[in-house]
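Protein chains in written order, with my numbering: chain L, 684 to 1057; chain U, 684 to 1057.
I should point out that these hints are in silico values taken from the structure, not numbers from a laboratory.
Please note: incorrect hints may appear among the correct ones.
Since the list can't tell identical chains apart, any single copy or any two copies may satisfy a pair.
[As the list claims (entries may be wrong)] Computed cross-link-like contacts, SDA-like style, restricted to lysine to any residue with a CA-CA straight-line distance of at most 20 Å:
1) 959 / 969
2) 706 / 881
3) 959 / 945
4) 935 / 836
5) 1033 / 939
6) 959 / 854
7) 685 / 813
8) 1042 / 729
9) 908 / 848
10) 772 / 783
11) 920 / 763
12) 1005 / 994
13) 706 / 809
14) 936 / 838
15) 716 / 728
16) 906 / 856
2 protein chains.
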Amino acid sequence: MKIGLLGHGVVGKGVSRICDVSKTLQVKRILVKDDWELTDPRCTQNVQDILGDPEIDVVVECMGGIEPARTFLMKAIQNHKHVVTSNKKMLANCCEDLFAEAEKNNVSIHYEATCGGGIPWMASLERILRIDPVDSFRGIFNGTTNYILSRMDLESLEFEPLLKEAQQLGYAEQNPSDDIDGMDVKYKVALSCMKAFGVIPVLDEIPTYGIRYIQKKDLDYAKSKGMTCKLIGTGIKKEGSIEASVLPVFLKKEDVLANTSMNFNAIESDSATLGKAVFTGQGAGSLPTAHAVVQDIYDIENKEAMEYPSLQEVTVINSAEKIFYLRSKQITDYADILDQQIDAETYLTKKISLDDLQKKIQEDKEIFIAEVQE
Amino acid sequence: MKIGLLGHGVVGKGVSRICDVSKTLQVKRILVKDDWELTDPRCTQNVQDILGDPEIDVVVECMGGIEPARTFLMKAIQNHKHVVTSNKKMLANCCEDLFAEAEKNNVSIHYEATCGGGIPWMASLERILRIDPVDSFRGIFNGTTNYILSRMDLESLEFEPLLKEAQQLGYAEQNPSDDIDGMDVKYKVALSCMKAFGVIPVLDEIPTYGIRYIQKKDLDYAKSKGMTCKLIGTGIKKEGSIEASVLPVFLKKEDVLANTSMNFNAIESDSATLGKAVFTGQGAGSLPTAHAVVQDIYDIENKEAMEYPSLQEVTVINSAEKIFYLRSKQITDYADILDQQIDAETYLTKKISLDDLQKKIQEDKEIFIAEVQE
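Use the sequences and the hints to build the structure in full.
Below you can see the structure in the form of structure tokens.
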């Protein structure tokens, strides 16, 4: 198969490295942005060298960002090329248009690398779905926050210096918002819902809380209760809606997700005959993510018939009642839902749905909340 | 696809239950042993009704035991039927003959359900192997022993009453030797080596130690060091040989396998670009195991070309030096390899290879040994 690669960063370089030693996959052209990236004779700064090349069967997009990635892939599809992307933000925002266009042109869109790095999550879901409808999933989908939370827990450190260190080591972006505010996980939850349930949740309706305001003392409290904090993305299929959220959760230490440390990701599916199954692996990094991309290319090479999800957009409802850990400088605003006091600004709530809690905390920007596993 | 089912026990019933609600899979005949099992009009006591039926495409064997399962499958293959089996003992002992016959007759042998119950372990290995050679694997392959070890650890109980309870609940066989002496895991390690490395280890050369003689105090010691005991099967690819063993291991509590509890199995693979990946799920049970069997049937339905492993038999060498926990009534016999004393009959050894240790303990039947993770 002849491949056109859009983007030659961390993931793109891994893809060309793996393809270059394969027997059947040939990266023919590589789109780069800047002059200094023109290090390989296959590199070009003109996307038309890829989109307009009839020899290229598959366009692999590892650019990130919504535009111009979306436009490039749309044109690739219109030129009857299969598409593989590692770009969760773009795909979660533009999946309806892209899938509709792919069906029209009889090509496929693969996106294993959008979730869980090298973990064969999408492939495992597809396999399970041959037998079971998938009822729910939950997981650690972000390596950067898991690295920070693991070190906070193991070494009793504060959040801020660890974030700075992660940025210096290149584990976290200079603008870390997508990671630490949970946006990255939100896109992954949406794409997992798409694969697992065949529906597209309304992105803005997914309650999304991150770890920006977490403190050492929150983890100390969790530890005193035999728990640890993880940033968990969840999806549960309901009749006519889905339950989906991105939320710090105090997990019991014996929970398999509680023991997924550092930059590892772990995702659990639940379905009727298989029951609970957990898939764990490196959630990011050049080669694991590139491995997922190349698996997609092999799937395209091996598959004859394309399958198109008949996607319908569904509303997100989080009505299940839970106990939350809640720390806020304006804690008195929440008097009616508070139960057990932990310190002056920290309480456990009475049982409340995430939807109801979210309405209450809309204006409270520096709040830290975590679901407490029962 | 039309299916002939050999055996209608726990797994076989699960297979017919899943197939009966599928769109394309039809269980046409079911071989049962006794009159009281003739509960379904498809049941027969004459295997020829299946092996001789030209309409049947796939023969699924869930009988257990080496014979007559082996003979039936050999005849099925000679009659050009694909074969799916959940029978690890038979396949680990007879794989060379069966695969040779399958290649001759251009049919395939699938065996996902032999290892890890519902966990897509063989499928994941196959997928990884499209890109990476697999370097090693290790895992919890037996649900019965993991259930006993988990409860010993959580509730500080002794082995014997838990085994009795597991037998009463039907989790353990009346003759529990295959589970508690590690034989069941040995077969699974051998079949995993076959899939992962393309070689057949000499079965008798795999050092196999179980948990028959484990005591509460062994787990108490492990716990005092921040560890827990799991029965671990391992395979590591070497030049011209493999390292493979079945052995209790004191694992650090933060190891992902240490947190795989009760009847769950977990298997980790390591390979160049994907790195470490862990697959966790229910290691036994009617529906999870049947799920794995039915996945194999779908693979046969979807695949056109068969692949035959070019299997070579290789020797097993365990020369890596490790520290072992060793408890024996004849502990003085081991004076030259002992290091730190734990109690009158229990020591940690100096670093020693498993091969050398095995030579020393050949005659000592009631010994308990465990590798201590470093």
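Original post:
20 Å Cα cut-off: does residue 936 pair with residue 838 within a copy, between copies, both or neither?
Top reply: both (16 Å within a copy, 16 Å between copies)
Original post:
Between the shortest in-copy and the shortest cross-copy C-alpha distance, which are at most 20 Å for residue 1033 and residue 939: within, between, both, or neither?
Top reply: neither (26 Å within a copy, 33 Å between copies)
**OP:** Indicate which option fits the pair residue 706, residue 881 if close means a Cα-Cα distance not exceeding 20 Å: within, between, both or neither.
**Re:** between (34 Å within a copy, 19 Å between copies)
Subject >> Intra- versus inter-subunit Cα pairing at 20 Å for residue 1005 with residue 994 >> reply: Neither way: residue 1005 and residue 994 sit 30 Å apart in one copy and 54 Å across, limit 20 Å.
Original post:
Within a copy, between copies, both or neither: where do residue 959 and residue 969 come within 20 Å Cα-Cα?
Top reply: Between copies, since 14 Å is at most 20 Å while 29 Å is not.
**OP:** Give the relationship of residue 1042 and residue 729 under a CA distance limit of 20 Å: within one copy only, between copies only, both, or neither.
**Re:** The answer is neither: 48 Å in one copy and 67 Å across copies each exceed 20 Å.
Subject >> Identical-chain pair category, residue 959 with residue 854, by Cα at 20 Å >> reply: between (31 Å within a copy, 19 Å between copies)
**OP:** Go through the copies and call it for residue 906 and residue 856: within, between, both or neither, with a Cα cutoff of 20 Å.
**Re:** neither (29 Å within a copy, 40 Å between copies)
Subject >> Homomeric proximity label, residue 959 with residue 945: Cα distance no greater than 20 Å >> reply: The answer is between: 13 Å across copies meets 20 Å, while 23 Å in one copy does not.
**OP:** Could you place residue 716 and residue 728 in one of the four classes (within, between, both, neither) given a Cα distance threshold of 20 Å?
**Re:** within (6 Å within a copy, 70 Å between copies)
**OP:** Classify it for me, residue 706 with residue 809: is the Cα-Cα distance of at most 20 Å met within a copy, between copies, both or neither?
**Re:** between (26 Å within a copy, 17 Å between copies)
Original post:
What label fits residue 772 with residue 783 when the C-alpha limit is 20 Å: within, between, both, or neither?
Top reply: within (18 Å within a copy, 49 Å between copies)
Against the hints set out earlier in the document, violations occur for numbers 5, 8, 9, 11, 12 and 16.
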